[in-house]
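Chains A and B are the protein sequences, given in the same order. At position 48 of the first sequence the residue is numbered 47 (numbering that gives the first Met the number 0), and the sequence of numbers has no breaks. At position 86 of the second sequence the residue is numbered 85 (numbering that gives the first Met the number 0), and the sequence of numbers has no breaks.
Read the hints as simulated data drawn from the structure, not as lab findings. Idealized CB from N, CA, C, for every residue including glycine. Please note that the accuracy of each hint is not assured.
[As the list claims (entries may be wrong)] Once the Cα atoms are required to be at most 16 Å apart in a straight line, the calculated EDC-like pairs of lysine to aspartate or glutamate come out as:
1. LYS25(B) with GLU96(A)
2. LYS54(A) with GLU158(B)
3. LYS155(B) with GLU87(B)
[Unchecked claim] Computed Cβ-Cβ distance ranges for the label pairs, DEER-style:
4. SER85(A) with PRO161(B): 17 to 27 Å
5. LYS59(A) with TRP81(B): 25 to 35 Å
6. GLU95(A) with TYR86(B): 46 to 56 Å
7. LYS85(B) with PRO9(A): 23 to 33 Å
8. GLY101(A) with LEU78(B): 42 to 52 Å
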Amino acid sequence: MIELLKQPWPWYVAGPLIGLTVPALLILGNKHFGISANLRHACAACFPGNISFFKYDYKKELWNVWFAVGILLGGFLASWLLMNASPIQLNPKLVEELAGYGITDFSNMIPTQLYSWDHLLTWKGMLMLVGGGLLIGFGSRYAGGCTSGHSIMGLSTLQWPSLVATISFMLGGFVMANWILPLLIN
Amino acid sequence: MKNIVNHMEQGKQATLGMQKNVVNQKTYSYIPYLLVGLAFGIVFVKSEVISWFRIQEMFRLQSFHMFGVIGSAVAVGMLSVWLIKKYEIKTMHGEPIVFKPKKFNKGQIYGGLIFGLGWGLTGACPGTLFAQIGSGASVVAVVLLSAIAGTWIYGKIRESLPH
Numbered sequence: 000m001i002e003l004l005k006q007p008w009p010w011y012v013a014g015p016l017i018g019l020t021v022p023a024l025l026i027l028g029n030k031h032f033g034i035s036a037n038l039r040h041a042c043a044a045c046f047p048g049n050i051s052f053f054k055y056d057y058k059k060e061l062w063n064v065w066f067a068v069g070i071l072l073g074g075f076l077a078s079w080l081l082m083n084a085s086p087i088q089l090n091p092k093l094v095e096e097l098a099g100y101g102i103t104d105f106s107n108m109i110p111t112q113l114y115s116w117d118h119l120l121t122w123k124g125m126l127m128l129v130g131g132g133l134l135i136g137f138g139s140r141y142a143g144g145c146t147s148g149h150s151i152m153g154l155s156t157l158q159w160p161s162l163v164a165t166i167s168f169m170l171g172g173f174v175m176a177n178w179i180l181p182l183l184i185n
Numbered sequence: 000m001k002n003i004v005n006h007m008e009q010g011k012q013a014t015l016g017m018q019k020n021v022v023n024q025k026t027y028s029y030i031p032y033l034l035v036g037l038a039f040g041i042v043f044v045k046s047e048v049i050s051w052f053r054i055q056e057m058f059r060l061q062s063f064h065m066f067g068v069i070g071s072a073v074a075v076g077m078l079s080v081w082l083i084k085k086y087e088i089k090t091m092h093g094e095p096i097v098f099k100p101k102k103f104n105k106g107q108i109y110g111g112l113i114f115g116l117g118w119g120l121t122g123a124c125p126g127t128l129f130a131q132i133g134s135g136a137s138v139v140a141v142v143l144l145s146a147i148a149g150t151w152i153y154g155k156i157r158e159s160l161p162h
């Protein structure tokens, strides 16, 4: 059983489990699934400045912070107890393309040849880690949610603005992965 | 008149009581949320959703995996919400479950595109950041701190952005 759990889980197991988060949070206490709001709570709790957007009672949203802590612990438990030693199975076309940029290590969830403490102070590393983080935080709040709040929760409740947001997420990612990223890491 | 004043006074006390309840909410009442997050984090790691490589595959249309994950998650979410509405399922505490409609604004397009660029670059969304850090990729803490900074910048210049 443990051996089976250590294998990568197929989409038809993972997807429905992720989908069940929606009713689980609703039934536990009328909570709406969404993770990027935690970034706003962090601002409200630590450095609200004099900004009206951060003046609200974030303590009412503490459940979400606990939820995020749970995700962190889950990440720890899964990689500690259920780690799969073999490298990720990727489409050979991607492997070939990445090899062209010198990315040949597929043993981690992140490309350590681009994405590590050693690379943080190089301009590529800075751009990916700091620049990428800024885009994620700014964009998700501007859009009013991220993949969880819009693409999962919003679409589950048939909100058309969430469909607009999801299409925009996909378009932005498509443009970055196919046209901008190759220029940046080449 | 006296009645109305009395009534208002009662209302005020009830509101105060509710506020106190929220603030004093015991830590253990949050444990179920921690556990749901924990399960979610395990699924994230084991389905390789937190992998930068899987996200690159998705955006290059080289694999069905991520589309399958997102698609089936939405399908199960939709079905659950439909069942909750149809059978008027209540929360564990017996309250009716409420849904808040989202209003359209241009931020969903502009912000969505900006978020997408960040997603394609880092291979991460806010949820997977936490799971990546937990799985030992400590450098991702830099991305998380930058994302908090990005949210702060949005809050700061919000009024001057098109919505």
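Hint check results:
1. LYS25(B) with GLU96(A): Violated: LYS25(B) and GLU96(A) sit about 52 Å apart, past 16 Å.
2. LYS54(A) with GLU158(B): Given that 16 Å is the threshold and the Cα spacing comes to 15 Å, the pair holds.
3. LYS155(B) with GLU87(B): Roughly 41 Å between the alpha carbons, so the hint for LYS155(B) and GLU87(B) is violated.
4. SER85(A) with PRO161(B): 17 to 27 Å: Violated, at about 48 Å.
5. LYS59(A) with TRP81(B): 25 to 35 Å: holds, 28 Å
6. GLU95(A) with TYR86(B): 46 to 56 Å: holds, 51 Å
7. LYS85(B) with PRO9(A): 23 to 33 Å: holds, 30 Å
8. GLY101(A) with LEU78(B): 42 to 52 Å: holds, 45 Å
In summary, the structure is inconsistent with hints 1, 3 and 4 from the numbered list given earlier, while agreeing with the others.
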